[in-house]
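Each chain, written out:
There are 2 protein chains.
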Amino acid sequence: MKTLVIISHPELEESGSQQFLVQAVDDLPDVTLHHLEGRYPDGKIDVKAEQALLRQYDRILFQFPFYWYSSPPLLKKWQDDVLTEHFAFGYRGDKLNGKDFGMVLVIGLPEKDYQTGGAEGFSISELTKPFQAMAKKVGMDYVKPLTIFQFPYKTEEEKMDLLIQYRQYLSMKNPDSLKSREEWLLKELDQTNLETLPEDQASFILEEVVELIEDNRMELDELRLHIDNYED
Amino acid sequence: MKTLVIISHPELEESGSQQFLVQAVDDLPDVTLHHLEGRYPDGKIDVKAEQALLRQYDRILFQFPFYWYSSPPLLKKWQDDVLTEHFAFGYRGDKLNGKDFGMVLVIGLPEKDYQTGGAEGFSISELTKPFQAMAKKVGMDYVKPLTIFQFPYKTEEEKMDLLIQYRQYLSMKNPDSLKSREEWLLKELDQTNLETLPEDQASFILEEVVELIEDNRMELDELRLHIDNYED
Chain A
9 MKTLVIISHP
19 ELEESGSQQF
29 LVQAVDDLPD
39 VTLHHLEGRY
49 PDGKIDVKAE
59 QALLRQYDRI
69 LFQFPFYWYS
79 SPPLLKKWQD
89 DVLTEHFAFG
99 YRGDKLNGKD
109 FGMVLVIGLP
119 EKDYQTGGAE
129 GFSISELTKP
139 FQAMAKKVGM
149 DYVKPLTIFQ
159 FPYKTEEEKM
169 DLLIQYRQYL
179 SMKNPDSLKS
189 REEWLLKELD
199 QTNLETLPED
209 QASFILEEVV
219 ELIEDNRMEL
229 DELRLHIDNY
239 ED
Chain B
9 MKTLVIISHP
19 ELEESGSQQF
29 LVQAVDDLPD
39 VTLHHLEGRY
49 PDGKIDVKAE
59 QALLRQYDRI
69 LFQFPFYWYS
79 SPPLLKKWQD
89 DVLTEHFAFG
99 YRGDKLNGKD
109 FGMVLVIGLP
119 EKDYQTGGAE
129 GFSISELTKP
139 FQAMAKKVGM
149 DYVKPLTIFQ
159 FPYKTEEEKM
169 DLLIQYRQYL
179 SMKNPDSLKS
189 REEWLLKELD
199 QTNLETLPED
209 QASFILEEVV
219 ELIEDNRMEL
229 DELRLHIDNY
239 ED
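Listed in order, the protein sequences are those of chains A and B. In case it helps, the working numbering puts the first sequence at residues 9 to 240. In case it helps, the working numbering puts the second sequence at residues 9 to 240.
What the hints contain is simulated information worked out from the structure, not anything from laboratory work. A portion of the hints provided could be inaccurate.
[What the hints assert, rightly or not] In silico negatives: residues of chain B with every beta carbon more than 10 Å from chain A:
| hint | residue |
| --- | --- |
| 1 | D54 |
| 2 | Y75 |
| 3 | E134 |
| 4 | L186 |
[To be verified] Listed below are the simulated DSS-like cross-link pairs for lysine-lysine, each with C-alpha atoms no more than 25 Å apart in a straight line:
| hint | chain 1 | residue 1 | chain 2 | residue 2 |
| --- | --- | --- | --- | --- |
| 5 | A | K56 | A | K144 |
| 6 | A | K107 | A | K152 |
| 7 | B | K56 | B | K103 |
| 8 | A | K120 | B | K145 |
| 9 | B | K120 | A | K144 |
| 10 | B | K52 | B | K120 |
| 11 | A | K103 | A | K167 |
| 12 | B | K52 | A | K52 |
| 13 | A | K187 | A | K167 |
| 14 | A | K145 | B | K120 |
| 15 | B | K181 | B | K152 |
| 16 | B | K181 | B | K144 |
| 17 | B | K103 | B | K52 |
| 18 | A | K10 | A | K181 |
| 19 | B | K144 | A | K120 |
Predicted model, so just to flag it, every value in this text is computed and none were measured. The beta-carbon is built from N, C-alpha and C at its ideal position, and this holds for glycine as well.
In isolation and in its complexed conformation, chain A is listed as follows:
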């Protein structure tokens, strides 16, 4: 699976969270990071080049800071310019059909604020409706967004956890499924020489393996319970 990450951030170099994410995936061969403000500093988007790029990938992601509950202006301009009729929708506008669409949202406030009655008053599922509608319109499969709340307050362990989640989000077909996570982890382990890794990373990968085995056991236990019920 080939993944294109369209990053929009007016000051990418200044953003700790974005720098962390960029470095987290620089070894993944099937992932391309595409920073719009870096590529188009004058704001003039090369529509043909962007459309040609989109065709090469199976999963298209938007990655941006969730300012005012939406994308930075250049990503909106990209939508308006690149997702044209006859390319993305309308007659023969099927060029994005069947691809995955997802988002990596960097959010400054805590998750609990995003609900009815919370400080922000609306959930992320509500606030991202315009992007859900876009995915529907162009025939893409909407993948649950990866939301990153209050990055600067994260502990080292939380950051490591985020790193794994992010790598999975960019390279796994179904990041929520246990089977996919298992396959992904076995592949990662196969490519990794634990002895050459810094100790904290090695132990972290081992923790992930343990967690996965535990999840597997829970699922097996649950299945066994179901079978017992049927036999009664």
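Please arrange chain B on chain A, whose structure you already have, making use of the hints.
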């Protein structure tokens, strides 16, 4: 009530609907139209000037074509640049508190497409959540948007109706209340010399008066029914 209409449209001169709207209100003394792309052709927004402008008005409206279920890029940039902490939210960020916020949305597809199961799949109420959240955050009162679907297909009579709705939306405190509409119409009639108007406009205003009287009668009838029920 003083109203500021912040218009965002990359090609205002080319838009029939926007030209119609601009001309519909050029005689209203308490309404200011503020076209962002015209004012800032290089995209660099004068934040202090914009914040000073906002303070002078009681109702702030965003008027734009609803491309990809959101605003054009320059209006998003305006939000990101102008609605700063300590001005619009946060400590002492109360400068917009209590003002009205509304939107005039120009939409290319028919209204029936915007619902669950419809071609677009989402309602306008769902797709405008990010703006509702913005209004909440800055303490503004969210006014039901004025939605204009498929302007080019409107008949002359529908356009006249839109003209009245739009003028009311820009100058009436509660555009939905019968009492407000009554007062507004009496004021308009007071200022208008019917004999100098083109015949179609004069007859249209008379139709509005008739409609208002009918609405009044219906409301009175309904009240009478309630009273009868109580007396039984």
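- prompt: Any Cβ of chain A at or closer than 10 Å to Y75 of chain B, or is the non-interface label fine?
  reply: Not fine: 5 Å to the nearest Cβ puts Y75 of chain B too close to chain A.
message: What's the verdict on K10 of chain A and K181 of chain A, does the C-alpha distance respect the 25 Å limit or exceed it?
response: holds (10 Å)
- prompt: Within 25 Å, alpha carbon to alpha carbon, are K107 of chain A and K152 of chain A?
  reply: holds (14 Å)
- request: Confirm or reject the statement that D54 of chain B sits farther than 10 Å, beta carbon to beta carbon, from all of chain A.
  value: For D54 of chain B, whose nearest Cβ neighbour in chain A is about 16 Å away, the distance exceeds 10 Å, so it holds.
field: K52 of chain B paired with K52 of chain A [C-alpha distance capped at 25 Å]
entry: The given pair, whose Cα atoms are some 15 Å apart, holds under the 25 Å limit.
Given pair status - K120 of chain A, K144 of chain B, alpha carbons within 25 Å: holds (16 Å)
- request: Decide if the proposed pair is consistent with the structure: K187 of chain A and K167 of chain A, CA atoms, cutoff 25 Å inclusive.
  value: holds (24 Å)
- request: With a cut-off of 25 Å on the C-alpha distance, tell me whether K181 of chain B and K144 of chain B pass.
  value: OK: K181 of chain B and K144 of chain B at ~19 Å, within 25 Å.
query: Does K167 of chain A lie within 25 Å of K103 of chain A when you go C-alpha to C-alpha?
result: Not satisfied, since the Cα-Cα distance of roughly 36 Å exceeds 25 Å.
query: Taking only the CA atoms, is the gap from K145 of chain A to K120 of chain B under or equal to 25 Å?
result: holds (15 Å)
message: Would the hint linking K56 of chain B and K103 of chain B be met if the CA-CA limit is 25 Å?
response: Distance ~13 Å between K56 of chain B and K103 of chain B Cα, so the pair holds.
task: Sort out whether K144 of chain A lies within 25 Å of K120 of chain B, counting only the CA atoms.
output: holds (17 Å)
Going down the numbered hints, you'll see the structure goes against 2, 3, 10, 11, while the others check out.
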